[in-house]
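Hey, can you work out the whole structure from these sequences and the hints?
Which chain is which? The protein sequence lines are A and B, in order. Residues 1 to 390 (UniProt numbering) are what the first sequence spells out, left to right. Residues 1 to 167 (UniProt numbering) are what the second sequence spells out, left to right.
In case anyone wonders, no lab produced these hints; they're calculated from the structure. Beta carbons are placed, not taken as given, at the ideal position from N, Cα and C, and that holds for glycine. Misleading hints may appear alongside valid ones.
[Unchecked claim] The calculated lysine to any residue pairs, modelled on SDA-like cross-linking and capped at a C-alpha distance of 25 Å, are:
1. A:31 - A:385
2. A:138 - B:86
3. A:31 - B:68
4. B:86 - A:58
5. A:25 - B:166
6. B:154 - A:139
7. A:93 - B:157
8. A:48 - B:152
9. A:93 - B:138
10. B:86 - A:26
11. B:148 - A:352
12. A:175 - A:246
13. A:336 - A:352
14. A:296 - A:280
15. A:375 - A:91
16. A:364 - A:96
17. A:48 - B:125
18. B:126 - A:11
19. A:35 - B:68
20. B:68 - B:101
21. A:31 - B:54
22. A:386 - A:96
[Unchecked claim] Simulated restraints, written as ranges between beta carbons of each label pair:
23. A:48 - B:121: 34 to 42 Å
24. A:94 - B:162: 19 to 27 Å
25. B:154 - A:337: 15 to 23 Å
26. A:48 - B:164: 30 to 38 Å
27. B:155 - A:56: 50 to 58 Å
28. A:94 - B:164: 42 to 50 Å
29. A:387 - B:137: 43 to 51 Å
30. B:164 - A:199: 22 to 30 Å
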Amino acid sequence: MGVRSIIPNLPEDIINSILLELPVKSLLRFKSICKSWCCSIDDLEFMKSHLHKSSTDISRQKILFVDVVARKIRYDCSIKVLSTEASISADSKVVSVDQPDIMGFHSNVQVSSCGGLIFIYRLRDSMILWNPAIQKYKLIPEPHLLQQESCFVRPIFGFAYDFVAEDYKVLCVHKVTRDDTTYPRYLVEIYSVKNQSWRTIDNIFPVPTDFPLHVYNDPVSLNGVIHIMANSFEGDVEEFEHWVISFHLADDKFIVTPLPYDCGEHLKLCAFRDRVCLIGTVGKEISIWLLEKDGKTWNNITKFPALGTVIGKPMYSGNIKFVKEYGNIGDVICVKDNRNVLWRKNDGRFIEYNAQKNEYTEFKLKEIPLFSVQKTLYVESLVSLKIPWD
Amino acid sequence: MASSSSSSKTGLKKMLTLKSSDGDEFELEESIVIQCQTIKHMVEDGFSLIPLQNVDTKTLTKIIEYMKKHAEKTESNKEEIKNFNKEFVKGSFDDQFELVSAANYLHINGLMDLLCQSIADRINNKSVRAVREIFNISNDYTPDEEEKVRDEHKWAHEGGEFDESLD
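Laid out in structure tokens, this is it:
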């Protein structure tokens, strides 16, 4: 000890740089070290820097699996939440995550994530905003319209952070089918977490076609914008057209962007390195496009043979029998740091595709149930709300 | 990148001298030294002998070793640099703290990131008591205050044994 005390303490800015590299659980524990460490960790700017660092570093990203487990004896379900690194490999460690005690027994849940928080939609119940890393949650009431009516089809929910208002917001798009018209109307409701209230905006959801519009679930949220995919079968030209309908939280505006005309089938929107990314199957190939910064141009970044051809299963070829047997081909989880594409097949197995060597490796994680799991990429954060947690 | 532009202009490699707080001098090519933002600015101001009053000979030797290796960085020797970095952060905590202070003062961003990451990884699983000792921090909480902070996130203190060792 005598020798050690000669060394002066490290200045606060260096301590902060070291703390930024630690996971949330250790930071919470190290608040006990001394008052100055506690202040640094509780600081709002530190929380933001830590979140930014985790969000931009794929090795710090995680994936959350929410599985609904039907219980045989009673007619209800329990929910199991698991987490592992986003760059999944065969030896990834899977941990069980303590879920909010109000999660309850729901068979119909949908999860998404943004800015260090998880948003959980539960059919006909309040929604949950949850920070699993600090084990806190807040309930969000159902939107007004959902409480009043039962004739709506399931609404589309998006969750994002509004950088201008510094507020987390939930977007809810309802399709209202009325008896007196053939074509539906869309209503938009927005929940502000800061104000703890819903606000309805009528007549702003753009419908880019005269034909019936199909709006996809699972919007992608990125930098204060929620991107929703939609398509319609254009009767006059007998072709499908696809769009991304993007909602900008800062100014309540929707913008419609057509998808590339050759984007193929089994489309899926996701986020990759701060950009919107589209994945589709064209013939026997899977193609990945990035939306350029101008918000209009789609740039094809990679193509590779669809999984079926490589691992000995029949390819999708418009064959109904195949669709019945294999459903669609699965879901991209992320593009790893080394540019390998990580995939989850419909049978629950994971695939890593090495584009340089054109090689696939297939593996399974025994802790993660093979079927019917909701999943979302997220980062662990110290994010707290401006309002008290429940 | 930097070396080709500076040497192609003059045809000669421009040399600089770094002087440690112990008075030892080290002569180095400018292209190696400009990884360090602080020195780069001094070079732009026309200095060629650079006194570093906050960095002793032992630390400066290590830092030069780092800068030389990283000046060789290309697409093909990524693995070699990775192994070098691994070895580089193996010293005692006190050595790492000296290095991180110097890297911070000299503004060598890559080295700063490397050291902060490695220190964080090494303390991640340590007990609160061990971390206090390693960083030479005295506990300024009263027992009541300390219990309150701990109770706020009790679960973060649970889940296995934490490492009490100081290395």
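Verification of the supplied hints:
no.	hint	verdict
1	A:31 - A:385	holds, 19 Å
2	A:138 - B:86	violated, 43 Å
3	A:31 - B:68	violated, 38 Å
4	B:86 - A:58	holds, 21 Å
5	A:25 - B:166	holds, 21 Å
6	B:154 - A:139	holds, 23 Å
7	A:93 - B:157	holds, 20 Å
8	A:48 - B:152	holds, 21 Å
9	A:93 - B:138	violated, 36 Å
10	B:86 - A:26	holds, 23 Å
11	B:148 - A:352	violated, 46 Å
12	A:175 - A:246	holds, 17 Å
13	A:336 - A:352	holds, 9 Å
14	A:296 - A:280	holds, 18 Å
15	A:375 - A:91	holds, 19 Å
16	A:364 - A:96	holds, 17 Å
17	A:48 - B:125	holds, 24 Å
18	B:126 - A:11	holds, 21 Å
19	A:35 - B:68	violated, 40 Å
20	B:68 - B:101	holds, 19 Å
21	A:31 - B:54	violated, 30 Å
22	A:386 - A:96	violated, 28 Å
23	A:48 - B:121: 34 to 42 Å	violated, 23 Å
24	A:94 - B:162: 19 to 27 Å	holds, 22 Å
25	B:154 - A:337: 15 to 23 Å	violated, 35 Å
26	A:48 - B:164: 30 to 38 Å	holds, 33 Å
27	B:155 - A:56: 50 to 58 Å	violated, 28 Å
28	A:94 - B:164: 42 to 50 Å	violated, 28 Å
29	A:387 - B:137: 43 to 51 Å	violated, 34 Å
30	B:164 - A:199: 22 to 30 Å	violated, 54 Å
The structure does not agree with the numbered hints 2, 3, 9, 11, 19, 21, 22, 23, 25, 27, 28, 29, 30 stated previously, though it agrees with the rest.
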